[in-house]
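S.K.: Each chain, written out:
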Amino acid sequence: MKSKTIIKVRKARIENISSLPTVPGNLKRISNIIEKPGLTLDEIGRFVASDPALASKVLKMVNSAMYGFPGRITAVSYAVMLLGLNVVKGLLLGIAVFDIMEQTMRGLWAHSVGCAVASRCIAEKKGIKDPEEFSIAGLLHDIGKAILVLEYRTEYEKAMEGAAEGKIPIFEAEKEVFSDGHAEVAMWLAEKWRFPRNLVEVIAYHHRPSLSQIAPMETAIIHVADIIVRARGIGFAGDFYVPDLNTQAFDLLGLFDVDIKEILLKIDDATDAIYDSTE
Amino acid sequence: MAKKIPLSDLEPGMVIVKPIMMKNGMVILGEGAKLTPAWVERLQEMDLNGAYIDAPEEQKLTKEEALAQLDARFQPVDDRPYMIRLKDLLREHIEGLYEK
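These protein sequence lines map, in sequence, to chains X and V. To convert, note that position 31 of the first sequence is 326 in our numbering; the numbers rise steadily by one, no gaps. To convert, note that position 74 of the second sequence is 75 in our numbering; the numbers rise steadily by one, no gaps.
Some hints here could point you the wrong way.
To be verified - For each label pair, taking beta carbons as the anchor points, the in silico distance ranges come out as:
| no. | chain 1 | residue 1 | chain 2 | residue 2 | range |
| --- | --- | --- | --- | --- | --- |
| 1 | X | R489 | V | I85 | 50 to 56 Å |
| 2 | X | I301 | V | K24 | 48 to 54 Å |
| 3 | X | P316 | V | D48 | 33 to 39 Å |
| 4 | X | K355 | V | E12 | 25 to 31 Å |
| 5 | X | K323 | V | D80 | 57 to 63 Å |
| 6 | V | Q70 | X | P316 | 36 to 42 Å |
| 7 | X | G366 | V | A69 | 41 to 47 Å |
| 8 | X | K355 | V | I85 | 36 to 42 Å |
| 9 | X | R489 | V | E12 | 51 to 57 Å |
Unchecked claim - Taking lysine-lysine pairs in the DSS-like style, the calculated list, with each CA pair at most 30 Å apart, reads:
| no. | chain 1 | residue 1 | chain 2 | residue 2 |
| --- | --- | --- | --- | --- |
| 10 | X | K352 | V | K61 |
| 11 | V | K35 | X | K561 |
| 12 | X | K487 | X | K424 |
| 13 | X | K355 | V | K5 |
| 14 | X | K556 | V | K4 |
| 15 | V | K88 | X | K355 |
| 16 | X | K556 | V | K61 |
| 17 | V | K64 | X | K462 |
What the hints assert, rightly or not - Some residues of chain V that are not near chain X, with every Cβ distance over 10 Å (derived):
| no. | residue |
| --- | --- |
| 18 | S9 |
| 19 | D10 |
| 20 | E12 |
| 21 | V16 |
| 22 | G33 |
| 23 | A34 |
| 24 | K35 |
| 25 | T37 |
| 26 | A39 |
| 27 | W40 |
| 28 | V41 |
| 29 | R43 |
| 30 | L49 |
| 31 | D55 |
| 32 | K64 |
| 33 | L87 |
Hints are computed from structural coordinates only; laboratory data are not their basis. Where is the CB? At the ideal position from N, CA and C, for every residue including glycine.
Pulled out of the complex, with its shape left as it was, chain V reads as follows (with noise of 0.2 Å):
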């Protein structure tokens, strides 16, 4: 899951997800680059307003109220027979995103 954090908390060891560019276009570090001491070095002093590096997912809601949140969204068509279906299909998707 690529996250995207400030040049400042680069560190060594980490893993970049989206190419780093410079304004012309041109790659830095590609897909996939690990980071060393020199390289979290060069980047912090590029005018860069973040990198995208790999990272665990982290969910905006807690898992309760993602699912409430869900009860809302249906609660006027919560006794229809597709939307039933679809419902129970966004719970599985939705308890699956809490699941390591």
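Chain X on its own, in the form it takes in the complex (with noise of 0.2 Å):
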């Protein structure tokens, strides 16, 4: 192998997102007041009401096939009192993340939403509470992918290549290239937002679940629900094949065959209604 120069991602560059100049306004914004140390729901719910554009993107994002709440969700403060406070963090984020994601890597959206489904359904399988934070965690695990692409185009590109050429995970490919890879900086950006724990370890180790300490079980949701939706080659998350299975992690949740098809078909349907509202 010939000898390469590993670009050091700095943390405290990628921490500070609000001064990248390759970030848009509107992921500034919102990067903004999720730091904001003490926020309150009642905060964030005006934030969000005092933006009509952004208002009617959160209420599309609950009353889509991703949440699948009774009803039709109409009002902001009833959709925020709802989903709590992490929960519209996050999807604020993913709403921010949007449109990066269809900059830089076609076909990451759809990858995301697939796993905010098969996340959430994993979630509700095993009967942990809060099943909407798992369709975050889901939405928002490859956001590191985004923000490396809008820093070092040229070099992600490199891994992307890696990938392909040696079959290997692009997280593998990741590591010729990059000093740390989409889940590191996803993992310091998901600290620096005041995520709890439980998230932040669910983001860092979605690879290697067995890293995780406090939230092995949630992690594996993550780790499975990722390969899931690769098999399934719903979007395109910066690889062309399926990576291995952490069996440890397979086996910690358990699931029957009927689960892994309800699975499938629910993410059809969940991505299906994408392409066609992108069209």
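With the hints as a guide, bring the two chains together.
M.R.: Rendered as structure tokens:
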């Protein structure tokens, strides 16, 4: 193998996301409010309600197949109350990264929505409380890819070529190019945005679920959801091949064949709707 | 299965599967409404970019293409026991989509 330069991804630079010139204004604004210490549900509700375009996007997401609340929710204040602080924060970030994902990696949004739906479905089966938080973890688990492409487009393309040539997963190929991969980048951001520790671990260790200390079950959920969505071939996450399942994580969930079949039907449905609405 | 079609393709008898709304969020026709000739005419005068109607599911790929892509995606992990099981489930899922 020829010698290569590894790009040092600087944590301080990523954390300072609002000052990155490549980051669009929408994400900066949302990042600024989300990282506020002691942010209340009321405050974030007012922030959403003060911006009609954002409010209508929030309602569209809440009423989409990703959540599946019975009936149609038409008031922002009600949506915010129903979802809780972490989910609203995640939802706003999801809205902000949608544009970036579309610009940086076509298909990453569909992959992310697929993971959101699959994760939530597994969380419900496991009887975990707040399954909506899993929609968010699924939606945001690959946010690091979008940020890396924004900041280091040429180098990330090199990593994608490496994955294709070596038939290896993108998170392995990233190591040949970057000091830290998309999962680390996403972890730094999740910490900066003051998500609870379990969600941070889920995002950080979705490729290495055995490293999770406080949330092994939750991390296993996102890991397995990610693989199922790739196995179905929904969207694009930077590589063409399905990565291997972590067998411990899979066993921890104890999913039956019928469970997996149900997840496949749900992700097909939810992602068909995306293609419809973006055509 | 919901399918979005342009307003010009609406015909009497079609069933609406997603509520049709005005810009202000007011619902004009709810889920399950069957279009009458008068409704078709009225909807076609509105500024909407299409409506969702009930239509038989259409697959974007042929079954053979879908299965070939499945094989290609799984190629590096084809011999891993858990992945063999997952791939079998996907094959069944895909084949199920093409059965009437």
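S.K.: Compare the structure with each hint and give your call.
M.R.: Verification of the supplied hints:
1. X:R489 x V:I85: 50 to 56 Å: violated (42 Å)
2. X:I301 x V:K24: 48 to 54 Å: Hint holds: Cβ distance 51 Å, inside 48 to 54 Å.
3. X:P316 x V:D48: 33 to 39 Å: holds (38 Å)
4. X:K355 x V:E12: 25 to 31 Å: holds (28 Å)
5. X:K323 x V:D80: 57 to 63 Å: violated (47 Å)
6. V:Q70 x X:P316: 36 to 42 Å: Distance hint for Q70 of chain V, P316 of chain X holds at roughly 39 Å.
7. X:G366 x V:A69: 41 to 47 Å: holds (42 Å)
8. X:K355 x V:I85: 36 to 42 Å: holds (40 Å)
9. X:R489 x V:E12: 51 to 57 Å: holds (53 Å)
10. X:K352 x V:K61: Cα-Cα ~28 Å, so holds.
11. V:K35 x X:K561: Holds, at roughly 26 Å.
12. X:K487 x X:K424: Holds, at roughly 24 Å.
13. X:K355 x V:K5: Holds: K355 of chain X and K5 of chain V sit about 17 Å apart, inside 30 Å.
14. X:K556 x V:K4: Holds, at roughly 23 Å.
15. V:K88 x X:K355: Violated, at roughly 34 Å.
16. X:K556 x V:K61: The given pair, whose Cα atoms are some 20 Å apart, holds under the 30 Å limit.
17. V:K64 x X:K462: holds (25 Å)
18. S9: holds (16 Å)
19. D10: holds (14 Å)
20. E12: For E12 of chain V, whose nearest Cβ neighbour in chain X is about 19 Å away, the distance exceeds 10 Å, so it holds.
21. V16: Fine: 17 Å to the nearest Cβ keeps V16 of chain V off the interface.
22. G33: Per Cβ check, G33 of chain V is outside 10 Å of chain X; nearest 14 Å; holds.
23. A34: Answer for A34 of chain V: holds, closest chain X Cβ roughly 15 Å.
24. K35: holds (20 Å)
25. T37: holds (24 Å)
26. A39: holds (25 Å)
27. W40: Correct as stated: the minimum Cβ-Cβ distance to chain X is 21 Å, above 10 Å.
28. V41: At about 21 Å from chain X, V41 of chain V clears the 10 Å cut-off, so the statement holds.
29. R43: Non-interface label stands for R43 of chain V: nearest chain X Cβ at 22 Å, farther than 10 Å.
30. L49: holds (13 Å)
31. D55: holds (14 Å)
32. K64: Given that every Cβ of chain X is farther than 10 Å from that of K64 of chain V, nearest at about 14 Å, it holds.
33. L87: violated (6 Å)
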